[in-house]
Amino acid sequence: MPKKLRVGIIGAGNIATTAHLPAYQKLTDIVEVVAIADIVPERAKDAAEKFGIPSYFASVEELMANVDVDYIDICTWTAAHAPVCIAAAKAGKHILCEKPLAATLEQGLAMEKAVKEAGVQFMIAVVTRYGAQQIKFRELYEEGVFGEIYAAKTMYVRRRGTPQGWFTDKEMAGGGPVLDIGVHAIDRTWYLMDRPKPVSVSAETSYRIGDFKTKGIERWKPFDMGKGVFDTEDSATVFFRFEGGKTMMAEIAWAINGPQIATTQLFGSKAGCTFDPLTIYGEDEEGYLSDTTPEITPNNHFEEEIRHFVECLNEGKTPISPMEDAVTVQRMLDGIYRSAAEHKEVTI
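Taken in order, the sequence shown gives residues 31 to 378; the numbers are from the working numbering.
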């Protein structure tokens with residue numbers, strides 16, 4: 031019978047209390063949250079009381095010194111991912127880490143080094159890989175339905191959706207919408223393209239709208255408002271080249287004067303698709319063009335993600351979103367900012 035694992039949560043903010051912890055409450059047969067830590071102890075205490083967690087602490091080090099856990103689930107702001115991950119790895123704990131991997135490529139590489147040296151398991155929490163539509167797509171792709179996926183377009187665009195607090199502080203967040211929501215669109219699309227090796231990227235970022243005062247808009251506020259800094263981009267337009275002549279176009283925005291849209295298109299040699307719902311554009315058995323929508327039962331992405339990691343730890347399997355992928359995507363994100371700064375295509 032699989033072992034019931036024990037997890038310690040680091041960070042008692044929004045992603046922990048609205049996504050990870052509710053998911054853990056649905057998975058009590060395979061995993062138990064035994065402790066939570068936050069640099070603001072009152073936040074950790076509040077979360078512990080709300081979710082019935084036995085212990086709370088002020089740091090990952092304090093948690094690991096007092097409670098035995100199998101793995102650490104990192105739910106902090108982006109710049110804190112590296113120090114928490116490195117501390118957990120050195121203590122021999124497996125790691126589940128919220129996206130993006132890190133605030134900078136250098137931090138991400140330091141995390142990779144610590145995880146490899148410790149020999150622990152690591153999984154990046156890129157939740158859209160674990161949605162029912164994405165799982166169904168992968169099944170159909172493995173069956174050969176799409177042929178070779180050679181091109182893709184993805185958009186994650188908000189008209190006025192810039193969060194407040196630490197999200198707009200580059201020192202804490204690493205960047206703006208590229209690292210916050212762009213990572214979802216780019217990671218999912220790259221994964222569904224079967225992870226082609228990135229070669230180069232050409233991108234531009236815009237800082238033209240900034241800290242808008244648009245009436246009738248309620249901006250999302252995190253638990254930690256940070257220092258009130260606003261030095262991140264509004265939007266980005268991106269073009270990736272991969273080995274084998276494959277390409278991806280991406281548009282990402284927190285704020286832009288256009289319609290709000292989130293979509294992904296994949297183009298294969300036999301068929302293509304769009305999502306929400308998953309619709310396949312191909313040919314039927316008689317050779318006519320066909321549009322088909324497979325019947326898919328929706329799932330909770332966060333529950334699926336955590337269940338997958340627990341299964342991997344119990345069965346000694348590599349997760350479908352391992353450190354290798356996290357570092358590659360971090361290189362792609364880093365390339366976006368380098369290209370935009372130099373106003374030219376750069377190698378990845």
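Treat the hints with care, as some may be off.
Computed cross-link-like contacts, BS3-like style, restricted to lysine-lysine with a CA-CA straight-line distance of at most 25 angstroms [what the hints assert, rightly or not]:
1. Lys166 with Lys200
2. Lys347 with Lys146
3. Lys374 with Lys227
4. Lys251 with Lys227
5. Lys80 with Lys200
6. Lys374 with Lys33
7. Lys166 with Lys33
8. Lys374 with Lys56
9. Lys143 with Lys347
10. Lys80 with Lys34
11. Lys80 with Lys251
12. Lys374 with Lys347
13. Lys183 with Lys347
14. Lys120 with Lys146
15. Lys146 with Lys166
16. Lys257 with Lys227
Keep in mind that the hints were calculated from the coordinates and are not lab data.
When the structure is checked against the list of hints, which entries are broken? Sort them ascending.
Numbers 1, 4, 5, 6, 7, 8, 12, 13, 15, 16 - these are the hints that the structure violates, sorted from lowest upward.
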